[in-house]
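K.L.:
Residue-level listing of the chains:
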Amino acid sequence: MNASTTPELEPLRPTLALPVVELQLADLCERFESLCANAVDSLEIAAGLEAEGFSDQTVRVCFGFPDVFALAEDLYRRVPRDPAEPSAQPDPWRTPVRRHVLRGALFGLPALCYPVAAPMLSGAGAIPLLVVSTVASWALSQGLSFLGHSRLSNGDRDGSRHVLRVGLGGSVCLLLVIVGLTAVLVGRFGPAAGFAAAQGGYLLAATVLLVDRAEWLLLGALAPGVLAGTGFLVLGRPADSRAGALAALGGSLLLTVVMAVVRTNRAAGRRPRWTELRATWPYLLFGGVTAGLLAVPLVAGGTNNAVMAVLPLSLSMGAAEWLLYRYRSATHRLLRRSWLVSDFTARSWWPLLAALAQYLLCTVVLMVVARALGATVGINPQWTSLLAYAAYLALGGALFVALLLQAFCGPASVVAWCGGALATELVAVTIDRTVPALRVQLLVCGGLLLALVIRAGIVLGQTVRHR
Amino acid sequence: MTDIALMTEGTYPHSFGGVSVWCDQLVRGMVGYDYHVVALVGGGDQRVAWELPANVTSVTAIPLWGNESGAGSSSRSGRVAFAPLGHEFLCSLLDTSDTATIRFGAVLRRLFEYAQHQNLSAALHTEDMVRVLTEIWRDRWPAGGTDAPTVHDALVSLQLLAHLTRPLAARPVRAVVSHCVANGLAVLPALGARWAHGTPILLTEHGIYLRERYLGYREGPYRWPAKAVLLGFFRHLCALGYREASQITPGNLYNQRWEERLGADHAIIRTVYNGVDPEHFPPVEAEPDVPTVSWAGRVDPIKDIETLLRAFALVRQRVPEARLRLFGGTPAGGQGYLNRCRALAEQLGIGDATTFEGRVANIRDAYVAGHVVVLSSISEGFPYTVIEAMTCGRPCVATDVGGVAEAVAETGIVVPPRDPAAMADACVRLLEDPALRTRLGTAARARVLTYFTVDQAISTFGELYRTLAGSEALR
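Going down the list, the sequences are from chains A and B.
One point on numbering: in this note's numbering, the residue at position 188 of the first sequence is 188, and numbering is uninterrupted.
One point on numbering: in this note's numbering, the residue at position 286 of the second sequence is 286, and numbering is uninterrupted.
Some hints could be false.
Claimed, not checked - Taking beta-carbon pairs under 8 Å as the criterion, some of the chain B residues facing chain A (in silico):
1) Asp45
2) Gln46
3) Arg47
4) Glu51
5) Val130
6) Tyr222
7) Lys227
8) Arg364
As the list claims (entries may be wrong) - What follows is a set of in silico ranges between Cβ atoms, one per label pair, in the way DEER data are often shown:
9) Gly351/B x His149/A: 40 to 48 Å
10) Pro288/B x Asn265/A: 28 to 36 Å
11) Asp352/B x Ala37/A: 57 to 65 Å
12) Arg110/B x Leu277/A: 32 to 40 Å
13) Pro416/B x Pro66/A: 42 to 50 Å
14) Gly336/B x Val177/A: 46 to 54 Å
15) Pro288/B x Trp93/A: 34 to 42 Å
16) Val21/A x Gly470/B: 33 to 41 Å
17) Leu277/A x Glu113/B: 33 to 41 Å
Just so you know, the hints here were simulated from the structure itself, not pulled from any lab data.
Backbone N, C-alpha and C define an ideal beta-carbon position, used for all residues, glycine too.
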């Protein structure tokens with residue numbers, strides 16, 4: 001494959017040192033400069049020459065070489081390697097900002113519906129019902145979202161819709177059973193149980209539409225409920241308009257479910273396989289634990305004021321998704337600029353810390369805006385205490401880093417950490433009921449954030465995590 | 001035992017195309033043999049596209065992409081134990097010495113043994129391996145610079161190698177002969193069967209696998225260092241395939257040059273031409289009303305449809321009413337090339353006279369549709385388009401690649417590839433001379449009936465199977 005293996009070249013060369021042939025070869029070098037400069041070996045040049053119509057016969061007649069391979073070897077020696085950069089590939093992680101603003105809105109806007117339902121949710125037993133439904137539906141929606149996305153990432157859109165439809169049916173049934181059992185346990189039926197089931201059902205149907213990239217459809221479905229909820233707040237919560245607003249909420253729920261079913265209807269795909277279902281459990285756990293972390297201060301605090309504290313955090317999840325794309329894009333560029341693994345590992349902290357800083361900044365802005373808007377409609381500013389800000393900011397930061405880790409390493413790696421934090425909070429507020437739940441959350445989530453950042457810094461410093 | 005393992009890549013029985021037609025002819029012709037098809041496919045959800053005859057007793061699809069199923073376990077200790085083997089593997093890929101193929105063969109065999117028990121893909125795609133590759137590279141680019149390989153190049157290379165070596169994890173098939181219908185990756189499962197059970201390898205080549213990889217990677221998205229690693233893998237693998245094969249049967253004489261260049265023993269090479277079933281391609285009786293040039297094949301850059309379009313633009317200057325009809329499907333991912341071709345036709349001002357007709361149910365219709373059948377490829381083995389058109393009695397204008405000149409000989413016009421003017425001259429000559437068309441068409445059909453019938457190919461392979469199986473019994 002090189003000169004030493006083709007001894008026939010040596011005796012031939014001197015007889016070829018005719019000026020005419022030399023000129024012709026110089027022409028060839030010029031004509032095939034790009035081919036030769038980019039070739040990894042002489043065989044690549046031979047393949048290129050043959051594709052341009054050179055045959056052993058033409059090479060013998062025109063240049064005096066025994067065959068195309070010999071000519072290719074000569075050209076490989078004459079033209080120095082000077083590889084061109086391949087044409088720039090599009091950044092696979094480029095994503096339009098507006099899509100994430102919309103998704104953030106879709107995560108956050110449902111919070112505006114809660115004040116309408118407030119009277120149903122007072123009294124004993126209502127909070128446990130809401131919490132159980134929230135935890136269960138978050139868990140199920142994470143599992144559902146994983147099932148849909150894992151098929152989408154294999155380019156199987158029909159399969160994704162199929163599994164979403166089957167999953168939606170299954171998880172709604174499961175949710176109804178869980179909420180029903182809880183209602184029996186706390187002895188509270190009627191509107192509170194109905195609302196708990198409805199909010200869970202909405203989340204699951206909305207998950208289907210979000211996975212299927214039907215964000216605008218979901219916005220349309222959500223519009224009646226959100227408009228009614230906002231109007232209700234702006235008008236100072238008039239009691240006589242409550243029934244109408246509730247009907248609008250019901251309308252939004254119905255529209256969302258119908259759209260989710262229609263969108264996934266008649267998608268022919270494989271049934272969910274056992275291995276797929278087994279892979280969902282860490283996602284279920286992650287969703288449940290996250291919902292638990294959000295709920296602890298609300299429950300332990302014993303007020304529903306903090307419900308509004310969750311709003312900016314929900315909105316910030318849109319920013320979190322967008323920053324995740326930006327982070328991937330940044331590390332991708334870093335991989336292309338690093339010559340050694342150690343270069344990358346050392347520099348990989350910067351995009352991580354930058355993404356976290358941007359997320360925290362974004363969330364603070366959303367909190368301030370939500371507070372200002374909340375004040376105009378007379379929402380008790382108690383929840384906007386600095387402590388609440390800090391506690392939810394710490395939680396938001398921890399969830400953002402958890403999202404990042406989950407995207408690169410799967411949920412199993414973060415479930416243990418978040419689960420540990422949730423357990424610590426629960427133990428703390430159970431042992432001493434006088435401890436302010438927000439303070440517990442600030443400490444625990446602050447610790448969780450620190451631990452996750454260190455873990456992410458180490459794990460995401462590995463080049464193989466970035467595909 | 002009369003079991004044959006048939007190893008394919010990206011062709012039979014999941015896709016259409018020349019090699020798949022050949023496989024279908026082979027298994028249907030070899031009624032006395034049971035075939036176990038080991039098919040390397042893209043993703044895991046590919047469906048079998050061919051109706052399988054009764055003597056195809058099993059089809060094992062090995063997906064190179066998508067989710068990996070049935071891979072060995074991936075333990076930490078297994079990955080640690082892999083480090084020296086992985087290092088040797090990567091070094092062997094960049095080895096250009098005379099003994100490189102032997103070295104590569106030895107390391108590939110150890111990789112096969114590893115993959116039978118452990119997850120090779122996972123072991124190749126570790127931080128340690130990235131470090132190993134970047135350090136091997138650093139020794140070759142001590143000064144760094146803008147050409148130097150990056151961590152990204154290492155990741156891309158290892159990821160691809162992890163996919164390309166997946167067939168090593170498949171359980172070796174038990175058969176009397178492993179019949180590979182291409183060199184390259186399809187040889188991996190055959191090497192496994194050779195190492196595990198001593199099964200002899202019969203290697204049939206239609207096009208030259210390595211040459212096509214070289215051409216494909218020229219336009220690829222990889223930087224030079226990654227390209228060198230990947231083409232190093234293909235070069236060594238193909239050379240190993242030639243050395244390990246007990247018999248090599250290229251589809252044409254021209255291919256032998258590459259085979260021998262890469263170390264194949266001249267004595268074990270025997271050319272077996274593709275064959276046509278004359279009953280499927282009876283002679284044409286009439287010609288179309290309008291002067292027509294027809295083309296049949298996959299819409300793919302290797303077919304160089306651009307040259308055909310440029311040639312046809314020249315034809316139109318001399319035969320203004322001429323039409324060009326292109327028959328054939330566009331493979332998945334090939335839409336971009338089809339669009340480029342359409343745009344070029346518009347730009348050349350032949351948009352109205354050129355039609356892309358898509359896949360036809362009966363390929364003979366494509367040959368019936370033209371006064372002249374054209375092949376413009378830059379790389380071919382022994383194309384069916386040409387011998388089928390010849391069987392119908394249509395004269396061909398075809399590029400001088402692979403075995404085309406052997407197929408056409410004096411019964412058509414062979415022109416250099418990428419030469420629109422020569423192709424146009426040949427087309428015009430035929431379009432303007434009915435007597436010449438008739439004379440060449442008749443000669444073409446006679447040539448096929450004498451040399452290129454499917455029965456001849458089948459009986460040759462029957463003989464080779466018996467010889468190889470016999471030599472196996474004597475071992």
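K.L.:
Take the hints in turn and mark each one as holding or not.
P.N.:
To see whether the hints hold, each was checked on the structure:
1. The restraint placing Asp45/B at the interface with chain A holds, with a minimum CB-CB distance near 7 Å, inside the 8 Å limit.
2. Taking 8 Å as the C-beta cut-off, the interface hint given for Gln46/B is violated, the closest approach to chain A being about 12 Å.
3. Against a cut-off of 8 Å between C-beta atoms, the interface hint on Arg47/B is violated, since the closest Cβ of chain A lies about 12 Å away.
4. Against a cut-off of 8 Å between C-beta atoms, the interface hint on Glu51/B is violated, since the closest Cβ of chain A lies about 22 Å away.
5. A hinted interface residue such as Val130/B counts as satisfied when its beta carbon comes closer than 8 Å to some beta carbon of chain A; here the least separation is about 5 Å, so the hint holds.
6. Satisfaction of the interface hint for Tyr222/B is found here, the shortest Cβ-Cβ separation to chain A being roughly 6 Å, below the 8 Å cut-off.
7. Hint on Lys227/B holds. Least Cβ distance to chain A is approximately 6 Å, under the 8 Å limit.
8. Restraint check, Arg364/B versus chain A: the minimum CB separation of about 30 Å is more than 8 Å; hint violated.
9. A beta carbon spacing of about 42 Å between Gly351/B and His149/A agrees with the range 40 to 48 Å that was offered as a hint.
10. Roughly 47 Å separates the CB atoms of Pro288/B and Asn265/A, a value that falls outside the hinted 28 to 36 Å.
11. Between Asp352/B and Ala37/A, the C-beta spacing of about 41 Å breaks the proposed range 57 to 65 Å.
12. Checked against the hint of 32 to 40 Å, the C-beta distance between Arg110/B and Leu277/A comes to roughly 37 Å, which is consistent with it.
13. Distance hint check for Pro416/B and Pro66/A: the Cβ-Cβ separation is about 20 Å, which falls outside the suggested range of 42 to 50 Å.
14. Taking 46 to 54 Å as the suggested C-beta distance range, the pair Gly336/B and Val177/A conforms, at roughly 50 Å.
15. The hinted window of 34 to 42 Å between Pro288/B and Trp93/A is violated, with their beta carbons roughly 52 Å apart.
16. Taking 33 to 41 Å as the suggested C-beta distance range, the pair Val21/A and Gly470/B does not conform, at roughly 51 Å.
17. Restraint check, Leu277/A to Glu113/B: a C-beta distance of roughly 34 Å satisfies the suggested window 33 to 41 Å.
The earlier numbered hints that this structure contradicts are 2, 3, 4, 8, 10, 11, 13, 15 and 16.
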